[in-house]
Structures are given as C-alpha cells and as structure tokens.
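Chemist: Following the hints, complete the assembly by docking chains B and C onto the known chain A.
The lines below spell out each chain.
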Amino acid sequence: MNEQLLFNVVDLAGTFAFAISGATAARRCQLDLFGILAIAYITACGGGIARDVMIGAIPPAGLSDWRYLLTAVIAALFTIAAYPWVERLTYPVRLFDAMGLGLFAVYGAHKALLFGHNAEVAVLLGMVTAIGGGMARDVLLTRVSIVLQKEIYALAALAGAAMTVIGERLGWPPVWATWLPILFCFSLRFLSLHRHWNLPRFGRDPDA
Amino acid sequence: MNEQLLFNVVDLAGTFAFAISGATAARRCQLDLFGILAIAYITACGGGIARDVMIGAIPPAGLSDWRYLLTAVIAALFTIAAYPWVERLTYPVRLFDAMGLGLFAVYGAHKALLFGHNAEVAVLLGMVTAIGGGMARDVLLTRVSIVLQKEIYALAALAGAAMTVIGERLGWPPVWATWLPILFCFSLRFLSLHRHWNLPRFGRDPDA
Amino acid sequence: MNEQLLFNVVDLAGTFAFAISGATAARRCQLDLFGILAIAYITACGGGIARDVMIGAIPPAGLSDWRYLLTAVIAALFTIAAYPWVERLTYPVRLFDAMGLGLFAVYGAHKALLFGHNAEVAVLLGMVTAIGGGMARDVLLTRVSIVLQKEIYALAALAGAAMTVIGERLGWPPVWATWLPILFCFSLRFLSLHRHWNLPRFGRDPDA
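Chains A, B and C, in that order, give the protein sequences.
The letter at position 139 of the first sequence is residue 139 when you use UniProt numbering, and the numbering goes up by one with no holes.
The letter at position 89 of the second sequence is residue 89 when you use UniProt numbering, and the numbering goes up by one with no holes.
The letter at position 113 of the third sequence is residue 113 when you use UniProt numbering, and the numbering goes up by one with no holes.
One chain only, chain A, in its complex shape:
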C-alpha cells in the first residue's frame, strides 16, 4: 500500500472516530446543532491544528483540507441521526475513541518527524494530536478533562507516539511502523478501560 495513502486513511479514520465522541458529548450537554458540529470538529481536528501550528505546518491541514471538515460534519450528523442507538451502545463509542487515539498519536508523531523535528517534539506532539482535541472539548464543556483523571489514556497515546518514532528511526517498514504502534496504543487504552487500570493518585493521604 502506498505510504502517503496509508497515512491519509489513518488520519481520516481517526477524524471520524473522534468527531463521533465529540458530537456525543456535545449533544449530552444540550448544545444546539452548530454547537454539536463545532465540538465534533474541534474534538477531531483541534489536536492536529495545535500540532501543525507548533511544527510550522501553515495553514494547518485541519483547516485547509476540506476532507477533515467534511468527515467531522458527516460523523456529527450521523451521531445526531443515530443518537438513541449510539447512546445505548457506549461500547462502539469507546471503541471508536480508542481507535482515534492510536491513529492520531501515530500520524501526529509521523508528521512532526516529516517536518524535520526531533524525537521529543514528535513524541509530545503525537500525544498532543491524540489528546488535544479531547482536552479542548472538555475545556469548552467546562469539565476537568477525563484525560487527566482516569484510566490510561494520554499514556497510551504517548506510548504509541514513542513507538512510532523508534520504528521510523530504526527503519521498520512503513506498514509495521504505522500499524504496530496503532495497535499497541489501542490495545493499551482498551484494556485499561475494561480492566479499570488506573494510574496512581495521591489525594487524601492518611499521613497528611
């Protein structure tokens, strides 16, 4: 499979997955039609736009490439139309979100390397690509981001981005360097969600 095409597919699939998760959250907060479309688009493209601004990819692809906007709008309208069904089935929504996480972390790290930045920038911005949109969604809906609170979410994105950088540096074949980190990030997120793996917290120390 052509490498460029591979990354385009990965990127649009992630956009669709994240837009559904954004639209679901926005609808639950009683936003109007525009609000749902906007939150879906920001959840899907916010992380990528932040990444592009920070790597100097001007204008950000999330703004200039109509396929992202179209994908987010279709995903939002689909969520609205199929809502009672989406609502009852929290499973596929979480599945989509975990897929989006892996897809975006890998694509974000890949794009940062492509623009000539170092490994640290690629790993951090891979993670930003994956969690930035969700954090923007939560800030706009005025809640402390779940990203910062529960289960292994950002850490899975960080692991996926790091594995991408390692793979590209070690010269793995593109298909492996792409899908292996995606699968790893997705699995880590999905397992942590189902087994309630959480990172340690430190509140209410008995000794405090």
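Keep in mind that the hints are not guaranteed to be accurate.
[Claimed, not checked] Across the chosen pairs, the derived CB separations fall in these ranges:
#1 PRO84(B) <-> TRP172(C): 45 to 51 Å
#2 ASN198(C) <-> TRP85(B): 24 to 30 Å
#3 ASN198(B) <-> ALA61(C): 27 to 33 Å
#4 GLN30(B) <-> ILE74(C): 36 to 42 Å
#5 ARG195(A) <-> LEU183(B): 57 to 63 Å
#6 ASN8(C) <-> LEU5(B): 41 to 47 Å
#7 LEU5(B) <-> GLY116(C): 23 to 29 Å
#8 PRO200(B) <-> LEU191(C): 52 to 58 Å
#9 SER187(C) <-> TRP66(B): 24 to 30 Å
#10 ASN198(C) <-> ALA81(B): 41 to 47 Å
#11 SER187(C) <-> ALA82(B): 33 to 39 Å
#12 TYR91(A) <-> GLN30(C): 23 to 29 Å
#13 LEU5(B) <-> GLN30(C): 54 to 60 Å
These aren't lab readings, by the way, just hints derived from the structure by calculation.
Remember, it's a predicted structure, so these values are computed and weren't measured experimentally.
Glycine included, C-beta positions come from ideal geometry on N, C-alpha and C.
Modeler: Then chains B and C, alone, in the frame of chain A:
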C-alpha cells in the same frame, strides 16, 4: 474610500465593540481592574491572534499594533466608568456585539485570502476571528460558551465570512464585498436575537 | 557570567518553580499521576510555548529542548514525594511562584526582542510567558484564574517585562537588565501577596 483604510476602520470598530462585551462580562464576574482589562483585550483580540497564528502572520497584529491594545483598554475603561448606564442598557451592548461579529468575520476572511490561503481557510478563520475571542472569554470565565448554545451567532459569522470570500472571488467592488457581508451577518445575528431564532437541539428525545 | 548561560539558568529555575505550583494544584484536584505531570509541564512551559508560537520560534523550545520537560517532571515528582511537607508550607510554594513570575516575564520579553519584535510584543509576550502557564492550569482545572482576580500578579509580570525592554533598549549591562527586573517583579508580587494589595474591583456599586 481607500481600501486599506476601510479595513483598518472596520477592524478597530470591531475591536471596540468586542472589548465592551468582554469588559461587561468580566465586571459581572467580579474580576479586578487587571482582569477586566485582560478579558476585554482577549475578547477583542483573541480571535484575530488565533487567526494570525494559523495563517502565518507573525507577529499577530493584535500584539504588535498598539492601536488594538489602546482601543481595547479605552473600551474597558469606558465600560467601567459608564457601567451603571451600560448595565441598564443591554440593548447597545448587544448591538455592539452584533456589529463586532460582522466586522471581524469579514476582516478575518479578507486577511486569510490576502495571505494566499484557500476559500475554506478564509471562511473558517473569518468565523474564528469573530467568535474566537468570545469563546476564550467564556472559557476563562468558566462557562459553556453562549456561542455554542443559543440563537444564531457563529452561523451568522460563518455566513458573513462565506459571503466575503464569494464577493472577493467574483470581483465585487471592495466597498460592496466589505459592507454587504457585514450588514448581512449583523442583520442575521440581530434578527435571531430579537425573534429568538434558535438552531435545533436534540436533547431529551421523547423516543430516547 | 556568560549572557546565554545566564538566561538558560533563569529559564530553567522558572520552569522548576512553576512546575511545583502546577503539580500542587493538580494533586489538590485529585488528578492521577499523568494528570499531575501534565499540569506541571503545562504550567511551566505553556506560557513559553504560546510565546514561541507567536514570535515564530518554531518548534517551541518547551517542546524541543528536553531540559524543560525533564525539569518539569523532576519538580512534579518532587512535589508528589514531598507533598505533606509542601502542603503544610504554603510559604515556599508562593515564594517559588513569585520567583517563576519574575524569571519568566524577563526571559520572555528578552526572547521576543531577540527575534526582532517591537517593544509592545516583547512586553505583552513577557507577561504571557509568565502568566500563560498559570492561566492554562486554571482553565484545565475549570476555575476562574486567580491571575484575573486577586492581588498584583499579572501586573507585576507586566512591570518586569516592561523594565526588561527599557533596560535592553537603554543598553544596560546584561546582568542588570536581567536581575533588576526579576527582583522588581518578584518584590512587587511578594509584597502584594503579604500586604494583600489588590487592584480595585467594581462589583456591587452602591450607586448601581
């Protein structure tokens, strides 16, 4: 009228209008003098700064051109001095806000085209110029942005920005391509406010 | 002392100070380990990253230079390990925060001038470097930023940044142009905290 001068006037008038709306909201939240000045400035210039960062206009005009800061500070001090009067008269505040919306949507779209970006970037960033400052204001005052919830606000900005792009692409005379979209956006916003036109919401479906 | 080295030390000391203040706030909000590390890093580097994006320093040093991330992580882990002690002693936390404020305001203004921007950009972005991370921290923890509400905080940063620009323009020796504004900003912040100096507020007018 000179085209550049026309856009400068449009831009500063929008700055003044938005700074008043920001200062009013900040004062209502009991912020101190600096907080009121900061929120007024961010409401007025935040959208434009975000646009400039995304089109590669470095440094953003909202930071480098002292006229924006001065305009925002004057508007904020005016709001503080005339507050009892501003508070009682919600009408002119809404009027100013609707004017700022039209002025900024058109100026933002115009500047994005000027920097050589495509129609989608111009339309989206015209809208960001118009609603970005207000969204930043609401995020900083920790409330879900009214932009996403009620009446036709962002949609009016989107329509104004889209009309600007169409006008400039079709070669309308600058005065028409400027004032017609401003008037259209302003009217749409103002009518929707007075007639309580809202976009559909989807909460609490009876069938859910 | 070498000028470049001087600014590097100033910058990393500010990073450490702010990361502690971020980690303390995040821990109090019951965030998990990743959340604490992320908020510490964002509090420490968020203002500088915003500055770098707006002056065209791509990629932002906060992302590309591993020393910032490492400093923030060490400060966060130290805060977690020594928490009962940090919690009881609010004094050193405030001291660190006031130091970070001065250090960052001065370094931010200096870097903006170094990139060839004008005095207004340098003063505003010096302040953004100093208060931007704290504002991002408060937005992510969904509270109205203390920056906008109490005591002289942002104003002290503004004064420090302005004094840096004046000093560099008047050709003061680097050591003076660096440490004098830092000391001034720190003293202003620290005195206002201890003497409860507040800027005027305008709520609940008796005449309204």
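Chemist: All hints are to be evaluated individually against the structure, with a verdict given for each.
Modeler: Here is what the structure says about each hint:
1. PRO84(B) <-> TRP172(C): 45 to 51 Å: This hint holds: roughly 46 Å between Cβ atoms.
2. ASN198(C) <-> TRP85(B): 24 to 30 Å: 25 Å, holds
3. ASN198(B) <-> ALA61(C): 27 to 33 Å: 46 Å, violated
4. GLN30(B) <-> ILE74(C): 36 to 42 Å: 38 Å, holds
5. ARG195(A) <-> LEU183(B): 57 to 63 Å: Holds: the Cβ-Cβ distance is about 59 Å, inside 57 to 63 Å.
6. ASN8(C) <-> LEU5(B): 41 to 47 Å: With Cβ atoms ~46 Å apart, the hint holds.
7. LEU5(B) <-> GLY116(C): 23 to 29 Å: 27 Å, holds
8. PRO200(B) <-> LEU191(C): 52 to 58 Å: 55 Å, holds
9. SER187(C) <-> TRP66(B): 24 to 30 Å: 28 Å, holds
10. ASN198(C) <-> ALA81(B): 41 to 47 Å: Hint violated: Cβ distance 20 Å, outside 41 to 47 Å.
11. SER187(C) <-> ALA82(B): 33 to 39 Å: 36 Å, holds
12. TYR91(A) <-> GLN30(C): 23 to 29 Å: Once the Cβ atoms are compared, 27 Å apart, the range 23 to 29 Å for GLN30(C) and TYR91(A) holds.
13. LEU5(B) <-> GLN30(C): 54 to 60 Å: At roughly 55 Å between Cβ atoms, GLN30(C) and LEU5(B) fall inside 54 to 60 Å, so the hint holds.
In summary, the numbered hints that this structure violates are 3 and 10.
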